[in-house]
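Novice: Using the sequences provided together with the hints, build the complete structure.
Protein chains in written order, with this note's numbering: chain A, 1 to 260; chain B, 1 to 948.
For the record, the hints were derived by calculation from the structure and aren't laboratory data. Just so you know, even glycine gets a beta-carbon here, dropped at the ideal spot from N, CA and C. Where hints are given, some of them may not hold.
[Unchecked claim] Among chain A residues calculated to face chain B with C-beta under 8 Å, some are: (1) Ser-26; (2) Ala-41; (3) Gly-61; (4) Phe-64; (5) Gly-69; (6) Leu-73; (7) Ala-80; (8) Gln-119; (9) Asn-128; (10) Gly-129; (11) Cys-133; (12) Pro-158; (13) Thr-167; (14) Pro-235; (15) Arg-238; (16) Arg-239.
[Claimed, not checked] Reference listing, derived: stretches of chain A covered by chain B, where coverage requires no fewer than 3 residues with Cβ under 8 Å from a Cβ of chain B: (17) 11-25; (18) 121-127; (19) 222-228.
[Unchecked claim] Calculated Cβ distances over 12 Å to all of chain A for the following chain B residues: (20) Arg-38; (21) Thr-230; (22) Pro-256; (23) Asp-370; (24) Gly-553; (25) Arg-562; (26) Pro-708; (27) Ala-893; (28) Arg-930.
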Amino acid sequence: MRPALRPVPAVVLAAPGTNRDGDVASALRLAGADPTVLHLADLRDRRAALRRARLVVVAGGFSFADALGSGRLFALELAAAAGDELRRLIDLGRPVLGICNGFQVLVRAGILPGLGIDQAVALGHNRNGRFECRWVSLLPVSDRCVWTAGLTEPVECPVAHGEGRFTADDDTVAKLRANDQIALVYGAGDRPAAGMYPANPNGSEADVAGICDPSGVVLGLMPHPENHVHPTQHPRWRRGRAAGSGVPLLANGIHHAEEA
Amino acid sequence: MNASGAREHVAVLRSLEGDARADRLLADAHALGIEALRAVRCAELVFVRGAALDDVAPLLDDPLLVDVQEERADSIVGGVVVETALHPGVTDSVAAALVRGAGRLGVGPVEAATGRRFELVGDLAVDDVERLATRLLANPVIERCRIGRVDPPWEGATAAACVERISISALADEGLLAVSAERGLALDLAEMRAVRDWFAGQGREPTDVELEMIAQTWSEHCSHKTFRATIAVGGRGAVAPLLRQLRDCTERIAAPWVRSAFDGNAGVIGFDSDWDLALKAETHNHPSAVEPFGGANTGVGGVVRDVLGVSARPIAVTDVLCFGPTDAAPEDVPDGVLHPRLVRAGVIAGVADYGNKLGLPTVAGAIVHDLGYTANPLVFCGCVGLLPAGTRHDGPHPGDRVVVIGGRTGRDGIRGATFSSMAMDASTGEVAGASVQIGDPVVEKGVIEVVVAARERGLYSAITDCGAGGLSSAVGEMGERVGAEVELEQVPRKYAGLAPWEVWLSEAQERMVLAVPPVSLGALRELCRRHEVELADIGAFTGHGRIVVRDGGEVVLDLEGRFLHDGRPPRTLVAVTPSVPAPSHSGRGGVEPAAALLSLLAHPSVRSNADVVRGYDHEILGATVGRPSAGAADDGPADAAVLRPAGLGSSAGAAVGIGVNARYGMFDAYRMAWAVVDEAIRNVVAVGADPARVALLDNFSWGDPGDPQVLGALVTAVEGCVAAAEAHHAPYVSGKDSLHNVYATPAGERRSVPPTLVITALGRLPDVAQLVGSDLLHAGDAVYLVGATHDELRGSHLDLVLGIDGPGDVPAPDEGAPTRYRRLHRAMRDGLVAACHDLSEGGLAVAAAEMAIAGRLGLDLAVSGDPLVALFSESLGRFLVEVRPEHVDAFQAALGGEATAIGTVRAEPRLRAAVAGVTHIDLPLGDLLRAWQGHVAGSGASGHEGET
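Specialist: The structure is reproduced here in structure tokens:
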């Protein structure tokens with residue numbers, strides 16, 4: 001993390017049922033940004049705040065109680081209220097992050113993976129059919145993605161979802177891999193989890209935990225880097241496993257936002 | 001075509017993924033003995049009218065995950081079709097989302113409803129299908145089911161019900177009791193007479209609204225009449241009311257950091273110079289018995305609103321769950337009672353669903369299994385909240401508006417408070433249908449944000465939650481002195497056709513009542529708009545001291561606040577101090593300690609809950625620094641959860657620990673209470689909390705207080721609570737009692753739950769850097785037993801797994817515990833303790849095994865005395881402590897002779913325990929782990945929700 005002279009203005013988007021907006025805002029502040037939580041109901045009237053944002057995060061939770069499939073209604077409402085504004089930000093190269101339900105929203109909205117094919121990927125029910133909260137290790141594998149480029153250490157942080165199984169057909173996975181759009185994979189030690197539970201906690205195809213758009217500025221991921229920004233947040237911090245390893249990923253995005 | 005003329009469409013949604021729900025249904029059916037069922041296929045049904053399915057396709061299509069069909073057959077080859085649909089008015093968030101989404105797409109207006117379809121493959125008898133349908137596929141309390149196709153639950157046109165007047169002025173005793181019984185008021189004769197006489201003084205007859213409000217206000221659930229009663233104890237004379245005993249205890253302790261005790265919705269204690277903490281625990285036993293998911297769901301929702309009701313932001317949830325054996329044979333489960341396996345699964349899913357969606361970490365709890373909970377499961381939900389130090393609201397003031405925010409009012413939860421004050425029997429599930437509340441956590445999440453923002457801006461003068469008794473209770477309590485006038489027409493409804501008394505009494509969820517100065521109403525509306533929370537201004541606080549309710553202008557209720565709250569005739573109850581029953585077994589011959597340890601580890605009350613804990617989001621808010629499962633593989637049992645409630649900027653921690661024991665109370669309620677208080681405090685001390693700053697909550701779940709023996713046990717339990725709390729200088733700040741946890745068998749026998757007390761302890765760590773875990777850290781470290789072991793095997797978990805009631809004492813109060821805890825805490829603050837675990841269920845052997853499992857290290861122990869006593873006695877006040885070699889001398893000195901060196905941590909993953917020189921346990925860690933994860937045959941540890 002490098003100190004910024006003036007913190008980058010960031011917007012955290014929330015809908016009814018979003019519940020990690022506060023965690024994201026705290027983590028962004030700690031990583032050097034100046035976040036504002038913007039609620040869906042205010043979006044039409046406060047498009048200027050979105051326009052000024054140098055960085056946008058769609059936070060996780062259970063928007064609209066996951067009714068009709070996670071993220072669907074939030075995506076529809078977001079597109080109606082400020083879809084053009086969001087598109088403009090992305091075109092300007094300003095970093096966008098969707099975490100957990102926010103990832104689902106970006107997929108439903110067609111922003112991820114951005115291959116020009118409707119619903120090319122999906123986030124299905126976890127293979128074991130249950131909501132699960134546990135810590136995972138993420139390997140940053142994309143140089144295209146502005147959030148992960150240059151990261152060398154695994155990001156350790158929790159997952160907390162029931163619908164996070166990355167699903168796509170082989171062609172789509174191959175295309176994403178060829179484009180360097182697979183940004184984060186679930187790892188066991190320094191190697192990919194190879195589909196093994198619990199390192200790959202939900203049965204995601206190709207261990208995919210996060211993908212970016214073709215431009216690399218939009219990242220969506222299921223796990224929660226915002227919940228590991230301080231050493232004592234790690235479950236084994238007393239056993240010497242502590243780093244706050246969610247910070248470098250967020251700081252990467254903030255650093256890019258300063259330049260963009 | 002249907003009555004409204006709109007064409008109805010159905011979308012049949014089938015998952016293209018593996019269907020875990022179908023797998024679970026199949027396993028549950030086999031557990032019910034329905035082996036003929038070979039496969040289950042599930043589908044979701046979405047009914048739409050007002051638009052074609054193509055128009056709403058963007059709301060349903062999911063090509064990679066879901067197959068959508070536009071029709072369905074009545075039957076299938078080789079099996080049976082069963083479909084279910086929610087009753088009209090039951091909260092249906094999918095239908096609501098579809099209506100909203102259609103509006104956004106510019107389609108409609110549409111109506112929507114949902115259902116489920118189950119295709120049951122197998123040669124099933126009619127009887128099997130009926131059992132499957134009513135026990136597994138649908139809960140008749142909230143759903144209808146049909147063999148073949150179900151009709152969607154469209155709202156029918158319902159005529160509005162009106163107010164009714166009931167003539168009671170001329171009624172004699174018999175007639176009064178008949179009115180109480182017919183209307184389900186649960187009022188006794190003295191209370192009915194007081195009602196009759198008050199109305200006689202007013203010169204009129206009561207309305208149904210008035211009778212219902214009085215019944216709710218005076219119910220056990222709301223007025224705690226047993227805890228406020230004078231109790232005559234045989235051979236001892238009258239004892240002070242139980243509630244007063246607990247309050248007096250807190251006053252005698254006079255802890256300067258208690259901000260508010262036994263006043264309002266939750267207790268409040270000081271945390272640091274900027275922040276206070278609120279805490280509360282509630283039971284939701286009866287609702288969870290008839291609808292486990294919804295009951296537990298709304299149990300969480302309710303206790304969260306309690307904490308919100310003292311203007312605190314909820315930050316964590318706890319749950320203590322008591323179930324019958326999950327491997328009970330179907331014929332051993334009484335009529336009208338859900339199988340414990342289903343109750344457990346439903347309750348755990350209900351807690352997880354609400355906490356997870358609300359965005360609160362569920363961090364501490366316990367799961368207890370005992371035969372005595374088969375017909376009456378217990379569900380205790382707790383909540384911790386954070387509020388600025390010194391938060392005060394002095395309203396309501398005359399002129400303030402009566403404002404309801406949150407969910408709409410429906411028929412759900414009608415008479416919940418009186419229902420909770422009655423015994424259960426075979427028909428409870430049917431008659432209590434309307435008492436079950438359906439949760440909508442996303443609405444409550446919005447309510448939390450509105451209340452916290454409104455508090456920060458000073459927009460209200462008083463607040464309370466709508467819990468038991470609904471608006472009647474909330475407005476009644478707020479207006480007790482000042483008075484209030486309410487217009488029911490202003491209350492937002494889920495649907496038409498509610499009678500005035502139903503609107504007033506409904507326990508529909510996710511509602512808060514605020515007293516709002518008119519000048520602040522606009523700002524509050526703006527907050528509600530932002531968070532998409534509905535607000536209704538339903539009346540005013542007046543200054544005249546009466547509660548007046550109108551329906552369309554007509555007065556339907558006019559009661560004096562004083563009569564409502566002070567007019568109930570006090571009760572005098574009779575109790576008999578129960579004697580300790582003689583043990584039915586004379587000894588414990590031939591017990592093999594190693595086998596007993598494995599059985600204990602595998603018992604559902606002891607074994608790993610890591611699978612349950614992982615179903616709860618315990619990470620959200622980023623404040624959980626001591627997790628319920630911790631250690632080398634994140635699965636060791638922690639004694640208490642530790643939070644950083646004031647954020648990462650403050651190093652102080654809050655520890656939440658639980659004490660509960662289903663066994664001791666059946667033998668000695670006094671010792672049970674002492675033991676449970678000690679356990680809760682011991683748990684927070686074990687993780688590093690300062691024993692000088694522990695606050696307590698008491699939650700009693702008891703049987704029928706009309707039974708002098710049952711009441712006598714309650715009296716002695718309260719006395720045990722008081723004695724233990726005073727010994728530890730740990731004040732109670734709030735509590736709740738749930739009585740009448742009784743099942744009346746068709747033969748007329750009344751079975752009470754085991755006397756169950758849950759104590760929640762909230763402790764404070766000066767610095768979370770000093771948090772101590774239960775996981776062993778380093779091979780070569782010394783291990784100490786802190787505290788003394790006595791022959792106290794009566795009611796032990798050893799006897800539970802042996803299936804006997806053996807001799808010995810129930811663990812006695814340990815008067816030396818408070819001093820010992822202070823010494824241990826000092827040693828922790830001096831950095832002398834590497835790991836620490838409390839000894840409770842299963843004694844030393846289980847504690848040692850758990851520390852080894854948590855740290856994935858071995859342990860060599862050598863103790864003296866009788867092997868079973870040394871290894872399995874559950875004497876209070878004890879810890880197992882790991883100490884680094886360089887700290888051994890300082891640690892021993894700090895503990896002042898109360899620590900005995902009993903072993904060493906080993907790298908070799910093996911637990912060895914010798915007693916008086918003879919090795920009794922020598923087991924590889926892998927065996928312990930497998931037992932503890934539930935993979936031991938013949939241990940009674942079935943119900944494998946665990947990982948495989």
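Novice: Evaluate each hint against the coordinates.
Specialist: Hints, verified against the model:
A cut of 8 Å between beta carbons decides the hint on A:Ser-26: the least distance to chain B is about 7 Å, and the hint holds. This hint holds: A:Ala-41 has a C-beta 5 Å from the nearest C-beta of chain B, less than the 8 Å allowed. Restraint check, A:Gly-61 versus chain B: the minimum CB separation of about 6 Å is within 8 Å; hint holds. At a threshold of 8 Å, the smallest CB-CB gap from A:Phe-64 to chain B is about 5 Å, leaving the interface hint in force.
A least Cβ separation of about 6 Å between A:Gly-69 and chain B falls short of the 8 Å threshold, and the interface hint therefore holds. For A:Leu-73, the shortest C-beta to C-beta distance to chain B is roughly 5 Å, which falls under 8 Å, so the interface hint holds. With a least beta-carbon distance of about 6 Å to chain B, the hint placing A:Ala-80 at the interface is held under the 8 Å criterion. Satisfaction of the interface hint for A:Gln-119 is found here, the shortest Cβ-Cβ separation to chain B being roughly 6 Å, below the 8 Å cut-off.
Because the closest C-beta pair between A:Asn-128 and chain B is about 7 Å apart, less than 8 Å, the hint holds. The restraint placing A:Gly-129 at the interface with chain B holds, with a minimum CB-CB distance near 2 Å, inside the 8 Å limit. With its C-beta approaching chain B no nearer than about 5 Å, A:Cys-133 sits inside the 8 Å limit, and its interface hint holds. Hint status for A:Pro-158: holds, given a least beta-carbon distance of 4 Å to chain B, under 8 Å.
Of the supplied interface hints, the one on A:Thr-167 holds, with its beta-carbon coming within about 5 Å of a beta-carbon of chain B, less than 8 Å. Nearest Cβ of chain B to the Cβ of A:Pro-235: about 5 Å, under the 8 Å cut. The hint holds. Interface restraint check for A:Arg-238: the shortest CB-CB distance to chain B comes to about 6 Å, inside 8 Å, so the restraint holds. For A:Arg-239, the interface hint holds, since its Cβ comes within 8 Å of a Cβ in chain B; the closest pair sits about 7 Å apart.
Restraint check on the stretch 11-25 of chain A versus chain B: 6 residues with Cβ-Cβ distances below 8 Å, three needed, restraint holds. Counting residues of the stretch 121-127 of chain A whose beta carbon lies closer than 8 Å to any beta carbon of chain B gives 5, which meets the minimum of three for the stated coverage. By the rule of at least three residues with a Cβ nearer than 8 Å to a Cβ of chain B, the coverage given for the stretch 222-228 of chain A holds, with 3 such residues. The beta carbon of B:Arg-38 is kept farther than 12 Å from every beta carbon of chain A, the shortest such distance being approximately 20 Å.
For B:Thr-230, the shortest C-beta to C-beta distance to chain A comes to about 47 Å, beyond the 12 Å cut-off, and the non-interface label holds. Its beta-carbon lying about 29 Å from the closest one in chain A, B:Pro-256 satisfies the requirement of being farther than 12 Å from that chain. Listed as outside the interface, B:Asp-370 is consistent with that label: its C-beta sits roughly 26 Å from the nearest C-beta of chain A, beyond the 12 Å cut-off. The Cβ of B:Gly-553 sits about 34 Å from the closest Cβ of chain A, beyond the 12 Å cut-off, so the non-interface label holds.
Listed as outside the interface, B:Arg-562 is consistent with that label: its C-beta sits roughly 41 Å from the nearest C-beta of chain A, beyond the 12 Å cut-off. Distance check on B:Pro-708: its Cβ is at least 46 Å (rounded) from any Cβ of chain A, clearing the 12 Å threshold; non-interface status holds. Distance check on B:Ala-893: its Cβ is at least 25 Å (rounded) from any Cβ of chain A, clearing the 12 Å threshold; non-interface status holds. Under the 12 Å C-beta cut-off, the non-interface status given to B:Arg-930 relative to chain A holds; the minimum distance is some 17 Å.
No hint from the list above goes unmet by this structure.
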